[in-house]
Every structure is written in C-alpha cells, then in structure tokens.
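Residues are numbered in our numbering as their position in the sequence shown, beginning at 1, plus a constant of 5.
In short, the hints are calculated from the structure, not lab data.
Ideal Cβ positions, reconstructed from N, Cα and C, are used throughout, including at glycine.
Among the hints, erroneous ones may be present.
[Unchecked claim] The following label-pair restraints were derived from C-beta to C-beta distances:
#	residue 1	residue 2	range
1	E139	C103	47 to 55 Å
2	S62	Y129	20 to 28 Å
3	S101	G128	38 to 46 Å
4	D13	E136	14 to 22 Å
5	T9	R138	25 to 33 Å
6	G113	S62	24 to 32 Å
7	R74	L111	33 to 41 Å
[Unchecked claim] Dumping the calculated DSSO-like pairs for lysine-lysine here, alpha-carbon to alpha-carbon at most 27 Å:
#	residue 1	residue 2
8	K117	K7
9	K7	K112
10	K49	K7
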Amino acid sequence: MKLTTHTDYSLRLLIYLAIRHDEMPATVQAAANHYAISNHHLAKVAQTLVQLGYVASLRGRGGGLRLQRPAEVINIGGLVRQTENLELLECFGPNSTCPIEPGCRLKGVLYKAQHAFLEVLDGYVLADLIENREELRLLLLK
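Let the sequences and hints guide you as you build the complete structure.
Shown next, in the form of structure tokens:
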C-alpha cells in the first residue's frame, strides 16, 4: 500500500514536533525548510492535524505548532486511518459497479492485506518513531 503525500507529511510533521526539546512552538515554515518540502502543502497538513486534535495551533507573537497529545498516545495506525482513503478498489466502497464482485475473491485478499498492514501500524505510537531522538535532531534540526 502506498501512502499519500498528505499522510507522509503528517507523520513527518509529528516527528518534527516530537523531537524538539524547547518549549517554543514550531512554525510550519521551519518544519518545511528542515524537510525541504513545500511550505504551502505542509500548512494544509498542519491544518488537518489541528482539526484531528493531534496538533495545537497557537496564534500571535511566539505562536506556532506543538503536539496536542503526548507522543506516547499518538497511534500511527489511527493516524493513517484518519488521513488516508482506505478504499483500495472501487468495490471497497458502497457504489461498486464491478460485475464480478459477488464472486470475486480479490477483494477479500486485498482486505486481509490491508488489515495486516494497519495491524502492524497499530502496534506503534509516535514515541516509538523517535526513540533515536538525538540522532533525528542532528539530522533534522541542523
């Protein structure tokens, strides 16, 4: 399964926010610069993460972004479910027009594969992804 850029950037932004030691909120621009990605696209991602309750947005002087929840409770599988369209095929949705759907076994196989993929992700939280925090800080916050 290939994740969208939106989910990729969501995970990157959460990692960026989680590895910072200082109490100052981070800006989208700073995170985008560190990752060498689009500031505009990352701003949309940040908005999604604020709406989903993963990130808090602080306005005004000294404002920016910070984690809304502890890294130990941000489940990776849950985030992927919230940011991805998990309808792998047309028949995964309610309006399938596939003529072989009633007898097709492919849907079941792909459902099992997707379930296994998400089950693995469910076993990880953001804190697991930043256990090497100091190495990540050296690579990202240079």
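Results for each hint:
A hinted range of 47 to 55 Å holds for the C-beta pair E139 and C103, which are about 51 Å apart. The beta-carbon spacing between S62 and Y129, approximately 25 Å, falls within the hinted interval of 20 to 28 Å. One distance hint, 38 to 46 Å for the beta-carbon pair S101 and G128, is violated here, with the actual separation near 31 Å. Separated by about 20 Å at the C-beta atoms, D13 and E136 satisfy the suggested range of 14 to 22 Å.
Between T9 and R138 the CB atoms are about 26 Å apart, so this pair conforms to the stated range of 25 to 33 Å. Distance hint check: the CB atoms of G113 and S62 are about 42 Å apart, inconsistent with the given range 24 to 32 Å. In this structure the hint that R74 and L111 lie 33 to 41 Å apart at CB holds, the actual value being about 37 Å. In summary, the hint linking K117 to K7 is supported, as the alpha carbons are separated by about 16 Å, within the 27 Å threshold.
The hinted pair formed by K7 and K112 meets the criterion: a straight-line CA distance of about 17 Å does not exceed 27 Å. Annotation: proposed proximity of K49 to K7 holds, straight-line Cα distance about 20 Å (limit 27 Å).
Of the numbered hints stated above, those contradicted by the structure are hints 3, 6, listed in ascending order.
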